[in-house]
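Using the sequences and the hints, build the whole thing.
Line by line, the protein sequences give chains A and B. Going by the working numbering, the first sequence opens with residue 1, and the numbers climb by one from there. Going by the working numbering, the second sequence opens with residue 399, and the numbers climb by one from there.
Bear in mind the hints are in silico, worked out from the structure with no lab data behind them. You may find that some hints are simply not true.
As the list claims (entries may be wrong) - Keeping only pairs whose Cα atoms sit at most 25 Å apart, straight-line, the calculated DMTMM-like set for lysine to aspartate or glutamate is:
| id | chain 1 | residue 1 | chain 2 | residue 2 |
| --- | --- | --- | --- | --- |
| 1 | B | 769 | A | 271 |
| 2 | A | 388 | B | 683 |
| 3 | B | 727 | A | 176 |
| 4 | A | 141 | B | 744 |
| 5 | B | 665 | A | 176 |
| 6 | B | 673 | A | 397 |
| 7 | B | 655 | A | 287 |
| 8 | B | 665 | A | 385 |
| 9 | A | 273 | B | 573 |
| 10 | A | 36 | B | 744 |
| 11 | B | 429 | A | 210 |
| 12 | B | 665 | A | 136 |
| 13 | A | 238 | A | 287 |
| 14 | B | 727 | A | 289 |
| 15 | A | 262 | B | 765 |
| 16 | B | 429 | A | 348 |
| 17 | B | 655 | A | 385 |
| 18 | A | 322 | B | 683 |
| 19 | A | 267 | B | 573 |
| 20 | B | 769 | A | 289 |
Here's the letter readout for the chains.
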Amino acid sequence: MNVNYTAEELAFRDEVRAFLKSELPADIAAKVKLGKHMSKEDHQRWQQILVKRGWYAPGWPVELGGTTWGPVEKHIFDEECSAFGAPRTVPFGVNMVAPVIIKFGTQQQIDHYLPRILSGEDWWCQGYSEPGAGSDLASLKTRAVRDGDHYVVNGQKTWTTLGQHANMIFCLVRTDPEAQQQRGISFLLIDMKSPGISVRPIITLDGDHEVNEVFFDNVRVPVGNLVGEENQGWTCAKYLLTHERTGLAGIGSSKAVLAHLKRIAMKEVCDGKPMLEDPLFRAQVAEVEMQLMAIEMSTLRILAAAKEGGVPGAESSILKVKGTEIRQAITHLLRKVIGPYALPFLEEEMQLDYDGELLHADYSASLAGDYFNMRKLSIFGGSNEIQKNIVSKMILEL
Amino acid sequence: MDFKLTEEQQMLQDTAARLVRDAYPFEQREKFSESELGFSAEFWSQLGELGLTAVPFSEDVGGFGGGGVETMLVMTELGRGLTLEPYLQSVIFAGGLLNQLGSDAQKDDLLPQVAAGSLQLAVAFDEPQSHYNLHDVQTKAEAVDGGYRLSGRKAVVIGGHSAGKIIVSARTSGDSRDETGISLFLVDPNAPGVSRRVYPTIDGRKGCELFLDNVQVGADSLLGDVGNALSAMRYQQGRAIAAQCADALGSMDEACKLTLDYLKTRKQFGVPIGKFQVLQHRMVDMQTELEQATSMAILAATFADGEDNDERSRIIAAAKYICARAARKVAEEAIQLHGGIGMTWEYNLAHHAKRLVMIAHQFGDDDHHLKAYAKLMQVA
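Structure below.
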């Protein structure tokens with residue numbers, strides 16, 4: 001038993017740190033640390049730096065532009081990126097559709113789509129949830145009917161994150177309405193510029209535009225855009241969901257946000273002393289730090305067990321539930337630490353280029369909104385209730 | 399023990415409930431919130447016409463002579479409709495300060511106007527460093543010929559953008575966290591040297607930062623004795639907290655109803671999601687929080703206008719602690735049980751959630767009141 005990183009792993013960490021120190025643009029890191037929204041251009045600028053270094057798609061096979069990293073290296077990389085304030089990779093292309101194409105797609109699809117993901121030419125979004133199919137994803141109704149060399153798609157997707165930036169969407173569609181729910185579903189790649197697609201923004205309670213509804217009205221999709229076999233889309237979906245959950249614990253990001261909390265709690269005062277010296281508040285910060293310590297070790301244990309091959313199984317559901325609870329607890333404390341200054345809703349101060357006078361501090365404007373925004377963590381990517389169902393069924397066999 | 403309302407109280411509740419129901423559909427609220435005033439001038443004058451702004455004032459100034467229970471009934475309905483008008487700030491908090499501390503001349507002049515709703519007041523006690531501590535006052539009031547000169551900054555003054563007068567706490571003597579040396583002043587927001595930065599709040603209301611730069615006020619602007627305002631500030635904030643708990647109650651009750659309705663209608667896996675035991679129990683937990691909060695809001699209401707002593711202070715602190723915790727729990731659970739739809743701007747539940755979480759950010763959060771209670775707790 002040795003819970004420390006090996007010499008090779010430490011050397012790798014140094015390499016990552018050196019890279020981030022020299023290559024991460026300061027303006028992007030500043031935005032990340034202050035919780036400002038990233039523009040599409042910010043994401044793409046950072047993506048190109050990573051691509052150049054060969055680190056944008058760590059999970060891909062080397063010959064396609066990936067790395068040989070194991071789970072521990074990936075964890076180290078994520079953690080360091082978060083600590084330095086690198087933007088979180090928008091996962092839909094590189095970490096979601098790409099693994100599915102690699103696993104189930106044709107050589108032609110691999111050759112076509114993967115380079116375009118690396119180059120940034122394609123920005124992907126995800127078409128899974130529907131108004132009537134949330135936790136019960138398999139009840140989805142968006143229909144794809146074969147018509148010669150095309151599928152004709154009709155229906156609606158929702159909660160499509162950053163769909164407003166996307167030119168491609170991967171969708172689960174129903175190709176056989178007669179088959180039992182999971183069996184009649186196919187995995188389809190659709191060009192967002194196809195006639196008949198419309199995107200409507202959903203504004204969330206924090207005033208943000210992050211998610212969208214996507215409507216399909218007789219959209220013609222070439223049959224070559226089917227991934228895997230017709231009616232076998234659920235296999236792709238399950239494979240992808242497991243991939244998605246692994247990253248959802250967000251340890252690196254939570255550690256960075258906890259450090260941010262401590263910095264702020266040293267600046268904000270109560271009774272003439274820093275908030276972090278208030279015993280009651282300090283105890284709450286300590287509590288979440290201990291939880292984070294435990295989940296990090298749990299993550300490493302699960303990753304180590306998975307090192308031999310493949311992605312972790314149902315254990316990743318445990319990480320998702322606990323990891324998102326921890327992140328939500330930190331955002332709760334961040335909102336609390338600024339006291340009455342959680343109330344002002346300063347949209348202008350949340351803008352990237354705001355250079356006017358600050359109402360309170362450069363960190364304060366986004367904190368209440370962030371807290372509300374982060375309620376999504378326990379809802380998306382398979383709600384925490386669904387994750388618990390998975391644990392209870394797959395691990396506990398209840 | 400008798401928890402029943404009198405006939406008069408029942409009528410008051412019905413009046414408030416009907417008014418809110420008719421005048422405050424959610425779509426209207428959005429428009430009020432986005433307007434420059436940030437609330438409905440018409441609804442505010444209706445509150446005056448129906449006598450609701452007069453509820454806590456004595457009959458000799460045109461009031462209704464109501465106490466904490468009457469205030470609670472009105473506030474609960476205002477909270478249910480997520481109303482935006484500064485009823486709590488003007489009528490209960492500022493009105494209470496004026497009533498307790500005002501000279502006869504001040505009361506004769508101002509109280510009838512506040513009770514009628516024709517004058518709106520705001521209270522500016524918080525400062526950037528005060529973190530809910532009313533005695534942490536750095537704003538200075540220097541005695542000068544004929545009055546005082548005020549300088550400093552007051553933080554997050556809800557309703558301060560539209561108030562005709564603002565009650566400001568300032569230090570006439572002592573150091574920044576001394577309990578003595580704090581005085582209250584009635585400040586005209588249009589006086590030279592006063593500036594405001596107005597902003598919306600995340601729960602849909604409006605407030606401002608109040609900047610005082612050598613503001614001259616007359617001696618008649620002083621409210622109460624020089625240097626002795628703290629106990630009245632705390633007492634009246636206690637009344638405001640009792641009202642705030644009732645406000646939260648109305649909102650929590652709505653959030654619970656919306657969630658229960660959703661559990662019964664939203665189908666997944668072929669059944670209404672309310673058929674799943676795990677969700678049933680969570681709905682029960684929400685309802686339990688609501689019950690606990692209701693009890694504490696009632697307790698606080700019955701003590702709100704009572705004698706100023708440790709027992710009252712303990713009850714107010716406990717009520718705020720329980721209600722703030724319940725409000726956050728209900729808000730978070732309501733969103734979670736709804737899923738994504740609970741996070742959308744278009745759906746009123748999300749606005750209840752924001753209001754409920756923000757309850758903690760005014761007049762002290764749960765930590766603040768936990769510490770206050772612990773200090774006053776009887777050990778034997």
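Comparing the hints with the structure gives:
no.: 1; hint: B/769 x A/271; in the structure: holds (12 Å)
no.: 2; hint: A/388 x B/683; in the structure: holds (19 Å)
no.: 3; hint: B/727 x A/176; in the structure: violated (43 Å)
no.: 4; hint: A/141 x B/744; in the structure: holds (24 Å)
no.: 5; hint: B/665 x A/176; in the structure: holds (22 Å)
no.: 6; hint: B/673 x A/397; in the structure: holds (22 Å)
no.: 7; hint: B/655 x A/287; in the structure: violated (33 Å)
no.: 8; hint: B/665 x A/385; in the structure: holds (15 Å)
no.: 9; hint: A/273 x B/573; in the structure: holds (15 Å)
no.: 10; hint: A/36 x B/744; in the structure: holds (23 Å)
no.: 11; hint: B/429 x A/210; in the structure: holds (23 Å)
no.: 12; hint: B/665 x A/136; in the structure: holds (9 Å)
no.: 13; hint: A/238 x A/287; in the structure: violated (35 Å)
no.: 14; hint: B/727 x A/289; in the structure: holds (22 Å)
no.: 15; hint: A/262 x B/765; in the structure: holds (17 Å)
no.: 16; hint: B/429 x A/348; in the structure: holds (20 Å)
no.: 17; hint: B/655 x A/385; in the structure: holds (21 Å)
no.: 18; hint: A/322 x B/683; in the structure: holds (20 Å)
no.: 19; hint: A/267 x B/573; in the structure: holds (21 Å)
no.: 20; hint: B/769 x A/289; in the structure: holds (22 Å)
When held up to the earlier numbered hints, the structure conflicts with 3, 7 and 13 and fits the remainder.
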